[in-house]
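Listed below, chain by chain, are the residues.
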Amino acid sequence: MTLVRAVARRLATAAVVLWAAATAAYLALLLAPGSTVDSIIGDGADTPEIRAQIIAEWHLDRPEIVQYATYLLRAAQGDLGRSYQLQRPVSDVIGAQLLPTLKLALAAVAIAVVIAVVVAVVTAGRRPWLRRASSTTELVLVSTPTFLIGLILLNIFSFRLGLFPVSGDRDLSALVLPAITLALPIGSLLAQVLRDGIERALDEPFVVTARARGVRETAVLARHALRHALLPAVTLTGWLFGVLIGGTVIIEQVFGRPGIGQVTLLAVSTKDMPVVLAVVVLSAAVYVALSTAADLAYLLIDPRLRRS
Amino acid sequence: MLPFSRTPRLAAAAAALALALTACSGGGTGDTADSAGQPVAGGALTWGIETEPITFNPHQYAQAKARLLVWNSFEALLTHDADGGFVPWLATGYQVSPDGLVYTVKLRTDVTFHDGEKFDAAAVKANFDQLLQPGYAPALRGVQLRNLGSVTVTVTDPATVTITLTAPDVLILDFLASPQGAQISPKSLREAKNLKAGGPDVVGTGPFVLDRYTPGQEVHYRKYPAYHWAPANAGHQGAAYLDEVTYRFLKESSVRVGALTSGQVQVIEGVPATDQDLVKTTPQLALNKSLNSGSAYSYYFNTGHAPFDDVRVRRAFRDAVDVDAVLQAVYRGTATRAWSVIGPTSPLYDKRFEGSYGNNAANADKLLDEAGWSGRDAEGFRTRDGKRLTVRVVQSAPYVRDRRDILAQAVQAAVKQSAGIDLKVSIVDQGTATAAIAANEFEIFDNSRADTDAGAALNLLLFSTGAINRTNYKDPELDGLLAAGQATGDPAKRVSVYSDIQRLTVADQALLLPLYAPADQIGAARTIGGIGFEPTAGVPGSAYNIWIGK
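Residue numbers (UniProt numbering), protein chains in the order written: chain C, 1 to 308; chain S, 1 to 550.
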């Protein structure tokens, strides 16, 4: 019963978060400079008749509160409207682009986690020069713009060595470079957080106990200390999501990949309200799902939380 | 050094023939296909292009960079020749009534749309009817078709359409030769799911069929084997040489160039100034360039308020800039300087203004002193009554191309140094840009238009009521000249009218600072033959003439 209530509360929270995100985005777009008619006209010809036609076609003459209410009502029924720019249903525009972005994001997270865990376990509490070298490399990678990493990787592995194709989402080989590009800064930051966590854990009394029991150093690191270091890393989920979204925008641009990033970039710069709103709501939904998953992960990682 | 898989084989004997075959491709320069040999049928080509079209429906076309795609699968009633005249395409000819109001167009009778529908007068009328539907193409209705009265089909002759205008308007011919005037199958017009967005279910009569579109990635065309109605100046007749052509959207210029040098694509357009030497000096590659038609890229001065309401300040701004030096710094010698509001390749271009102004800091100083901007503030900028001489240019980020943001910074430095003018450059989102324009909070408006007929561009930019007349310059004499240019079909008369327009706007009123003539570049493997640019427009042509040599 309590479980049902917990789930219900969780869902209600999710609905409120989605509504808040949609409303905030709606307001932001409404208050942003430039009228919607201007955005639809874009670089095209502009006469009073053209304006009148656009206003009539998109029902822009209704009061803003009515437009907002209509939008919410339709969105609740799964109808996200039509893109001003692309003249297609938003669900079409975004739907086709979800899978490539999802593939890229998941591959990047997987690579980042592997990089982070391996690097952290290998360098934590070891020889100072190794730790320093690793830490410096991570810092450089975190602070290098993603597009620069992408261009360097492309230059070496695609243009010079011809190992991977530059563009598209045809097969797995086209996923390798963009996923690594996106994974490098994320993995580097995760590695730093993990290493700090591990090193703090290594000073705890239970590690001394484990060592005294004759557990090998690698096992101490991987089984005992790493587990302790995971919590702060999981807390980074929200940040990670932000980096992923921001990163895919640039990576899809550089690598000529299909995906949400490109659509979002165009929609934001042309004030294509229906598309921007849909992306915001979608992002909020993913964020809610991820933070729920993070809550669950806490329970799995830290048995103490299960008892309370 | 570059991993190139193909070794070009020189076929010297065939080279001359190949050049002769591609010579008709118009304003382009370059050394295309001197090793591509004779045309060969077959093969699949991959192009890297800069711009993903917002729509594939030609009626909705608004991006010059999408033209090379439009003409693969769609065709218009007329097309341009290299001198700006018209050649029949899906039409066999046309007649204009003496009063300039009635155009009678005869059509080909052997043309079939990709979906099997017959091309005839009823199809042409269906296209016009669609264009006049409210909400379908409001910009077209309001501008290109504003003088369209009615379109009628002669019942006894399914191959004749009569277009009746409410006022004489020679630009209707330009419309009939434009992407927006391209013919879509009536079945598509009725049944396409997303008619405005276009795609595989919106079909035309062109030499290629658009059969696959992956947004964000690529668009794929395959040969339409039944095609046999190319216009007389197309370069060849019959079906296209290529079996397939894929256009990949590669927005990053360095990535496009890398994809070309590594052989992942065989052709790219949009070769940035910084990489043109690399393409030229790579033995396996060739660079082709062509200047666009239409209006030159210029800074238009807003005469609606101070300081550019004073012609002396407008002249001073022009004289303060050494345009050649600025272009050299930004484009490394790859840009062609513009001297007039009309681009140098247009038949309407008037050469008289070349060298007639500019790079004269002393004169700029003198003019500004006369206009009362004689003070200087602590930072060295000119002032009048304690107010700094500040002018603002607001650029909408989605439309910034050709490094025009960098160009603006170079002009900014030039006018500051030589005349103490404070040019404020803002690159903003489109909403902010349109809001600034609407509020009249700008002094400089930057623009170039790639219309095939420069007259169409000038109507939008200079007419008192022009849709993008952001100079706010309103003058009955200028309006009269523009109207005369639109009403007369006599080429010699048009040249003289547009010469007067250029004198008025460039020499007398100094309404603008012309900067450069926009150009298109194509980089291609030397094995690729038949690369060309559209006559008159100067933008890359379709894939119809292209072949893959051995």
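There could be a bad hint or two in this list.
To give a feel for the contact side, a few chain S residues facing chain C, derived at Cβ under 8 Å [claimed, not checked]:
| id | residue |
| --- | --- |
| 1 | L132 |
| 2 | Q133 |
| 3 | G135 |
| 4 | A192 |
| 5 | R212 |
| 6 | P215 |
| 7 | Q217 |
| 8 | E218 |
| 9 | F249 |
| 10 | K251 |
| 11 | S262 |
| 12 | Q264 |
| 13 | G431 |
| 14 | A435 |
Short, incomplete list of chain S residues facing chain C, as computed with Cβ under 7 Å [unchecked claim]:
| id | residue |
| --- | --- |
| 15 | T112 |
| 16 | P134 |
| 17 | P138 |
| 18 | G142 |
| 19 | A397 |
Hints were generated in silico from the structure; no laboratory data involved. Beta carbons: idealized from backbone N, C-alpha and C, even for Gly.
Against the structure, the hints:
Among the interface hints, the one on L132 (chain S) is violated; its C-beta lies about 12 Å from the nearest C-beta in chain C, farther than the 8 Å criterion. At a threshold of 8 Å, the smallest CB-CB gap from Q133 (chain S) to chain C is about 10 Å, leaving the interface hint violated. Taken as an interface hint, G135 (chain S) checks out: its beta carbon lies about 4 Å from the nearest beta carbon of chain C, inside 8 Å. This hint is violated: A192 (chain S) has a C-beta 11 Å from the nearest C-beta of chain C, more than the 8 Å allowed.
With 8 Å as the threshold, the beta carbon of R212 (chain S) stays out of range of chain C, its nearest partner Cβ sitting at about 12 Å, so the hint is violated. The criterion of a C-beta within 8 Å of any C-beta in chain C is met by P215 (chain S), whose closest approach is roughly 6 Å, and the hint holds. Taking 8 Å as the C-beta cut-off, the interface hint given for Q217 (chain S) holds, the closest approach to chain C being about 4 Å. This hint holds: E218 (chain S) has a C-beta 6 Å from the nearest C-beta of chain C, less than the 8 Å allowed.
Hint status for F249 (chain S): holds, given a least beta-carbon distance of 6 Å to chain C, under 8 Å. A least Cβ separation of about 5 Å between K251 (chain S) and chain C falls short of the 8 Å threshold, and the interface hint therefore holds. Hint status for S262 (chain S) relative to chain C: holds, with the closest Cβ pair at about 4 Å, below 8 Å. Taking 8 Å as the C-beta cut-off, the interface hint given for Q264 (chain S) holds, the closest approach to chain C being about 6 Å.
Interface restraint check for G431 (chain S): the shortest CB-CB distance to chain C comes to about 3 Å, inside 8 Å, so the restraint holds. Taken as an interface hint, A435 (chain S) checks out: its beta carbon lies about 4 Å from the nearest beta carbon of chain C, inside 8 Å. Violation of the interface hint for T112 (chain S) is found here, the shortest Cβ-Cβ separation to chain C being roughly 27 Å, above the 7 Å cut-off. At its closest, the beta carbon of P134 (chain S) sits 6 Å from a beta carbon of chain C; the interface hint therefore holds under the 7 Å criterion.
The closest approach between the C-beta of P138 (chain S) and any C-beta of chain C is roughly 4 Å, which is under the 7 Å cut-off, so the hint is satisfied. Look at G142 (chain S): its Cβ gets to within about 4 Å of chain C, closer than 7 Å, so that hint holds up. With its C-beta approaching chain C no nearer than about 6 Å, A397 (chain S) sits inside the 7 Å limit, and its interface hint holds.
Of the numbered hints stated above, those contradicted by the structure are hints 1, 2, 4, 5, 15, listed in ascending order.
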